[in-house]
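Listed below, chain by chain, are the residues.
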Amino acid sequence: MFIINCPYCGERDQSEFSCGGEAHIERPKQPTELSDDQWAEYLFMRKNIKGIQFERWNHIHGCRKWFNVVRDTSNDKIHAVYKMGERPPIK
Amino acid sequence: MINNLRINKNNFIDQTIRISFKFNGKKLFGYKGDTLASALLANNIHLVGRSFKYHRPRGIMTCGSEEPNAIVQVGKDSSLTEPNVRATEIELYEGLEAFSQNCWPSINFDIGGINNFLSPLLPAGFYYKTFMWPASFWEKYEFFIRHSAGLGKSPTKPDQDLYDHQYVHCDVLVIGGGISGILSAKLSVAKGLNTMLIDDKDYLGGSTIYQDDDIFKINNENSNVWLKKQIETLNKIPNLTIKHRTSVAAFHGYNYLLARENLIDHLNIDERKGKIRQRLWKIRAKKVVIATGAIERPLVFSNNDRPGVILSSSIKKYIDYYGVKTGENISLFTNNDSAYETAISLNKSGVKVKVIIDIREDSNSILSEQVEKSGIKILKGYTVIDTDGYKRIKSFDVMKLSKDGGSVVGNKITYKSDCLGISGGWTPMVHLFTQSGGKLKFRNNDNVFIPDENKTPSKQISVGSSNGDFELDDVINNTVKNIKIFLGLDKNDFENLNIKCSKEKQKRNIWLLPSNKPISKTKPFLDFQNDSTAKDVKLALREGFKSIEHVKRYTTTGMGTDQGKLSNMHALGIIADTTGTNMGDLGTTTFRPPYTPLTFGAIVGRNVGKFFDHTRRTAIHDWHVKNKAEFENVGQWKRPWYFPKNGETMHQSVQRESKAARESAGILDASTLGKIDIQGEDASEFLNRVYTNAWSKLAIGKCRYGLMLNEDGMVYDDGVTTRLAENHYIMSTTTGGAANVLSKLEDYLQTEWPELNVYLTTVTDQYSTMSICGPNSKKIIKKVIPNLDLSDQSFPHMSFKNSKINNVKCRIMRISFTGEHSYEINVQSNYAKDVWERCIEAGKEFNITPYGTETMHLLRAEKGFIITGQDTDGTLTPSDLQMDWIIGKKKYDFIGKRSLYRSDTIREDRKQLVGLLTDDPKEVLEEGAQLVESLDKPIEMLGHVTSSYFSPNLNKSIALAVVRSGKKLKGKKLIVPMENKNINVTITDTVFYDKENKRLNA
Ligand SMILES: [Zn+2]
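Listed in order, the protein sequences are those of chains R and H. The opening position of the first sequence corresponds to residue 1 in this note's numbering, with each subsequent residue numbered one higher. The opening position of the second sequence corresponds to residue 1 in this note's numbering, with each subsequent residue numbered one higher.
FYI, nobody ran anything at the bench for these hints, they're computed from the structure. Treat each hint with caution, since some may be false.
Pairs of lysine-lysine residues, derived as DSSO-like cross-links and limited to a Cα-Cα distance of at most 30 Å, are as follows [claimed, not checked]:
{"#": "1", "chain 1": "R", "residue 1": "47", "chain 2": "H", "residue 2": "744"}
{"#": "2", "chain 1": "H", "residue 1": "744", "chain 2": "R", "residue 2": "29"}
{"#": "3", "chain 1": "H", "residue 1": "400", "chain 2": "H", "residue 2": "538"}
{"#": "4", "chain 1": "R", "residue 1": "65", "chain 2": "H", "residue 2": "228"}
{"#": "5", "chain 1": "R", "residue 1": "50", "chain 2": "H", "residue 2": "282"}
{"#": "6", "chain 1": "R", "residue 1": "77", "chain 2": "H", "residue 2": "287"}
{"#": "7", "chain 1": "H", "residue 1": "897", "chain 2": "R", "residue 2": "29"}
{"#": "8", "chain 1": "H", "residue 1": "645", "chain 2": "H", "residue 2": "956"}
{"#": "9", "chain 1": "H", "residue 1": "286", "chain 2": "R", "residue 2": "83"}
{"#": "10", "chain 1": "R", "residue 1": "50", "chain 2": "H", "residue 2": "391"}
{"#": "11", "chain 1": "H", "residue 1": "922", "chain 2": "H", "residue 2": "911"}
{"#": "12", "chain 1": "R", "residue 1": "77", "chain 2": "H", "residue 2": "439"}
{"#": "13", "chain 1": "H", "residue 1": "981", "chain 2": "H", "residue 2": "911"}
{"#": "14", "chain 1": "H", "residue 1": "412", "chain 2": "H", "residue 2": "373"}
{"#": "15", "chain 1": "R", "residue 1": "77", "chain 2": "H", "residue 2": "282"}
{"#": "16", "chain 1": "H", "residue 1": "697", "chain 2": "R", "residue 2": "29"}
{"#": "17", "chain 1": "H", "residue 1": "911", "chain 2": "H", "residue 2": "967"}
{"#": "18", "chain 1": "H", "residue 1": "201", "chain 2": "H", "residue 2": "459"}
{"#": "19", "chain 1": "R", "residue 1": "77", "chain 2": "H", "residue 2": "481"}
{"#": "20", "chain 1": "H", "residue 1": "891", "chain 2": "H", "residue 2": "995"}
{"#": "21", "chain 1": "H", "residue 1": "391", "chain 2": "H", "residue 2": "377"}
{"#": "22", "chain 1": "R", "residue 1": "91", "chain 2": "H", "residue 2": "455"}
{"#": "23", "chain 1": "R", "residue 1": "50", "chain 2": "H", "residue 2": "455"}
{"#": "24", "chain 1": "R", "residue 1": "65", "chain 2": "H", "residue 2": "282"}
{"#": "25", "chain 1": "H", "residue 1": "286", "chain 2": "H", "residue 2": "228"}
{"#": "26", "chain 1": "H", "residue 1": "217", "chain 2": "H", "residue 2": "507"}
{"#": "27", "chain 1": "H", "residue 1": "503", "chain 2": "H", "residue 2": "481"}
{"#": "28", "chain 1": "H", "residue 1": "459", "chain 2": "R", "residue 2": "83"}
{"#": "29", "chain 1": "H", "residue 1": "412", "chain 2": "H", "residue 2": "394"}
{"#": "30", "chain 1": "R", "residue 1": "77", "chain 2": "H", "residue 2": "441"}
{"#": "31", "chain 1": "H", "residue 1": "191", "chain 2": "R", "residue 2": "77"}
{"#": "32", "chain 1": "H", "residue 1": "505", "chain 2": "H", "residue 2": "380"}
Cβ pair distances, simulated, as ranges [claimed, not checked]:
{"#": "33", "chain 1": "H", "residue 1": "493", "chain 2": "R", "residue 2": "80", "range": "39 to 45 Å"}
{"#": "34", "chain 1": "R", "residue 1": "42", "chain 2": "H", "residue 2": "544", "range": "45 to 51 Å"}
{"#": "35", "chain 1": "H", "residue 1": "608", "chain 2": "R", "residue 2": "16", "range": "21 to 27 Å"}
{"#": "36", "chain 1": "H", "residue 1": "752", "chain 2": "R", "residue 2": "61", "range": "18 to 24 Å"}
{"#": "37", "chain 1": "H", "residue 1": "973", "chain 2": "R", "residue 2": "49", "range": "51 to 57 Å"}
{"#": "38", "chain 1": "H", "residue 1": "77", "chain 2": "R", "residue 2": "45", "range": "54 to 60 Å"}
{"#": "39", "chain 1": "H", "residue 1": "647", "chain 2": "R", "residue 2": "42", "range": "57 to 63 Å"}
{"#": "40", "chain 1": "R", "residue 1": "49", "chain 2": "H", "residue 2": "160", "range": "45 to 51 Å"}
Keep in mind the model is a prediction, meaning the values are calculated, not measured. In this text, a Cβ means the ideal position worked out from N, Cα and C, and glycines have one as well.
With the sequences and hints as input, model every part of the structure.
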């Protein structure tokens, strides 16, 4: 049970949040231009990293805002939290 | 007999308060401050249970939570009885009743004891190997195994006790109230930090508090006296919270810990009423100090499990703390100095110590020299090879160890003793450390796994013997030094204390002690609770198991309720010795929470009965109850299912309700449907993107049915959305989908389309909805709202009007889920029951019939309307549902559009929604039943029934189903094979009733 520093509310218990999977996967602006394979890449393919992972989180039982989290999946250490649309503060 | 095992002088037991209790039905006495174990020992009762597999007699072996044998059933009340409680942790109270477990029919005569003589036939993996084959024999074995094994009985009635949960935040949490924990807590509070100190006992001070010996001095006072003064000052500190009788069960990441506090188990039964039994503390600490101490190891030799064989340090606690002699004629067997401390305590209390067997060739510490001076016989370089005595040890045999310790030499000597104390050294309690993610390192010189300071999660520290410091000076000095750095302290009172103690100089360790007999003829127990021996571990290795995790499971070593607190190290040691591996390279098994067993009561807390889950009731609920509705759970909602009249069955009610709705008028409470208020200048564009059909041209005051997909093109939710104003819509969702649809829409708005100016608000609870349908619905609405123009020109199907019912504002939609002429009234929830009753009153002359979800489902099935989640399962596209008409082909994009022409979604042989009619119109199919074309084996499954009803309006059975290539199969005959018969069906159109939709405007 880790603590997430919601960029809008501050530190809250993990139980207030829900994870929305890998971050920085933009919905294609022109889906009709894409081949089946390209669309499938967007639709289905996700990383499952042991280590530093960029994730989307939603403060679902709080302000209901979505934001990004950089988390080490091996020890749950959170390295950064930043708002939607912002560039990751670390690589 | 009673009380001659109790010594008089004692600081911890109140001998003025006598307490009566029962063990296995026999009435006994103890004193205030006793545990069940100490009271039993004072009554000269050692035999408390039978072992799990061989049913060997077993006695109290320890004085703490590591106890493997003395686990008892407490109480016999069918709702309060509790199995698997450690007698060493039960504080004695008036009226306590405890029973031995795992003995049948009684502790003294146990049928399973025959397993002991069969033990050569019961090696590791025996149950796996034998009882699995032939499979048909299992039933015969099972009766015997189940009857003779088992760990206590579960209560048969609900628990009447109260349990609680509480959250707490602190700067520093100190786990363990021994000397290192107390020093840590004092240093923490002195710095002004908000500190919590937790200990599982009813007193503080650990083992030092009864270490009353001139050998151990702090600033010229005996260690116990010095520590007692420190403890006395704790009560006056405002920023310190002390929790007694509280055991940390789990240490999760980010310093989140669970601790169970026992609040009433030590009270007399009559003092407990109305009080909370246990509280589960959910602790978030900025920093954590682990000071959980160490537990003594047993020694592994043949028949080391007899009642009366007790850990040496426990014998010391029984005599020094409880004032109880564990025997009249005690011997000690050790590989380290701890047993000498026990010998001194026993000697002081007038208990004869017959002999000390020390496997070390030499021992010359202050402790051992003092023991030698007192005249106690010490055999150095010897080992115990066997013990004798059935329900209590009577004697034991010793022999000289060879130089390398691998065998025994010389002659066997037999000593008579009624109690043998054993000490195999100490194991730091690192369970919580590893639970939190810390990694261990192995210290070779005394064979211990200790926390690796380089692999310790941040913001925690281990101190004292849980960090591998076992001697008083090391414990104090290292604790003070490390806490100073950990908490960033300045100079303090505990630096440069003058500490005197004995220092151990010689070490020798043999995991499996040799015997004069071949190992096959010995019984050296490792795991006392699960009855696994060193032989089992060796067998597992011979059979090819290498990983410690596999050996553990195959031999069940360490898998009892004690989680192998006593056995794990020896199992590892024997594996290392046998395979020639370094123990440090082997690693340990995983320590998982809880550290000690938790009750289910503590885990669930107050979330029982009606608090188990939220119950959502509509504003009209009370009316439904008054009118005898049967309810159905839909998510957390209670929805009327049907309204039985005069003893009707469900079928009869539904048939009546369905006919009434089509023949005259029906009324449904549809308040549970999700309602999302959508506002903003881009609301129309937003709806265009989330629904499959076009929305920009929907006129104000009009309603439209929408289908929502996932990006994978599969149907996700559906409902009618109404345009209330230029930039204002109200969307309705399915009951079950309401929360998820809102979240999904928010997700798109915030992350993919932040440029859209749209606001979403859930108003499901704020508005209540009632639907009135049937040919007389218009007349009823006319009566309720006389001034509303209900003509088809002014108020056509799929349109909306604002209105008032008796001055209450309402929204009226003319929409229909039944195919009948139908109105939906939306009204602020606090007026809903009143409006509902007005409609019922106005509808009386038309026999207005309230109906529930079952009739609603039937009526919509007659019309072939889908229910998402019933007819769909996340694998069907709109086209699969024969709903191609709802795809906005001209729209550039909407959620899921691109997926609708992936190679997989355009396959013609996908499962598709069809109607089904049974050849026998009376035969109603079962939902979920499979559809096949032929019964030739192997039978190919073509699909399944998703909805099925007997339609009273058509007077025949109807069903919806998904069938492979179903769209092309209209008219085809299929078979529904059931257990006792095969039902013939024909594929039809999905619309069974009023295909021309004439009734909408009737
Ligand atoms: Zn927030």
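Cross-check of the supplied hints:
{"no.": "1", "hint": "R:47 / H:744", "verdict": "21 Å, holds"}
{"no.": "2", "hint": "H:744 / R:29", "verdict": "18 Å, holds"}
{"no.": "3", "hint": "H:400 / H:538", "verdict": "24 Å, holds"}
{"no.": "4", "hint": "R:65 / H:228", "verdict": "54 Å, violated"}
{"no.": "5", "hint": "R:50 / H:282", "verdict": "28 Å, holds"}
{"no.": "6", "hint": "R:77 / H:287", "verdict": "16 Å, holds"}
{"no.": "7", "hint": "H:897 / R:29", "verdict": "13 Å, holds"}
{"no.": "8", "hint": "H:645 / H:956", "verdict": "23 Å, holds"}
{"no.": "9", "hint": "H:286 / R:83", "verdict": "26 Å, holds"}
{"no.": "10", "hint": "R:50 / H:391", "verdict": "54 Å, violated"}
{"no.": "11", "hint": "H:922 / H:911", "verdict": "27 Å, holds"}
{"no.": "12", "hint": "R:77 / H:439", "verdict": "16 Å, holds"}
{"no.": "13", "hint": "H:981 / H:911", "verdict": "25 Å, holds"}
{"no.": "14", "hint": "H:412 / H:373", "verdict": "26 Å, holds"}
{"no.": "15", "hint": "R:77 / H:282", "verdict": "20 Å, holds"}
{"no.": "16", "hint": "H:697 / R:29", "verdict": "23 Å, holds"}
{"no.": "17", "hint": "H:911 / H:967", "verdict": "9 Å, holds"}
{"no.": "18", "hint": "H:201 / H:459", "verdict": "26 Å, holds"}
{"no.": "19", "hint": "R:77 / H:481", "verdict": "28 Å, holds"}
{"no.": "20", "hint": "H:891 / H:995", "verdict": "29 Å, holds"}
{"no.": "21", "hint": "H:391 / H:377", "verdict": "27 Å, holds"}
{"no.": "22", "hint": "R:91 / H:455", "verdict": "25 Å, holds"}
{"no.": "23", "hint": "R:50 / H:455", "verdict": "18 Å, holds"}
{"no.": "24", "hint": "R:65 / H:282", "verdict": "26 Å, holds"}
{"no.": "25", "hint": "H:286 / H:228", "verdict": "28 Å, holds"}
{"no.": "26", "hint": "H:217 / H:507", "verdict": "24 Å, holds"}
{"no.": "27", "hint": "H:503 / H:481", "verdict": "20 Å, holds"}
{"no.": "28", "hint": "H:459 / R:83", "verdict": "28 Å, holds"}
{"no.": "29", "hint": "H:412 / H:394", "verdict": "16 Å, holds"}
{"no.": "30", "hint": "R:77 / H:441", "verdict": "23 Å, holds"}
{"no.": "31", "hint": "H:191 / R:77", "verdict": "28 Å, holds"}
{"no.": "32", "hint": "H:505 / H:380", "verdict": "14 Å, holds"}
{"no.": "33", "hint": "H:493 / R:80: 39 to 45 Å", "verdict": "42 Å, holds"}
{"no.": "34", "hint": "R:42 / H:544: 45 to 51 Å", "verdict": "47 Å, holds"}
{"no.": "35", "hint": "H:608 / R:16: 21 to 27 Å", "verdict": "24 Å, holds"}
{"no.": "36", "hint": "H:752 / R:61: 18 to 24 Å", "verdict": "22 Å, holds"}
{"no.": "37", "hint": "H:973 / R:49: 51 to 57 Å", "verdict": "53 Å, holds"}
{"no.": "38", "hint": "H:77 / R:45: 54 to 60 Å", "verdict": "58 Å, holds"}
{"no.": "39", "hint": "H:647 / R:42: 57 to 63 Å", "verdict": "59 Å, holds"}
{"no.": "40", "hint": "R:49 / H:160: 45 to 51 Å", "verdict": "49 Å, holds"}
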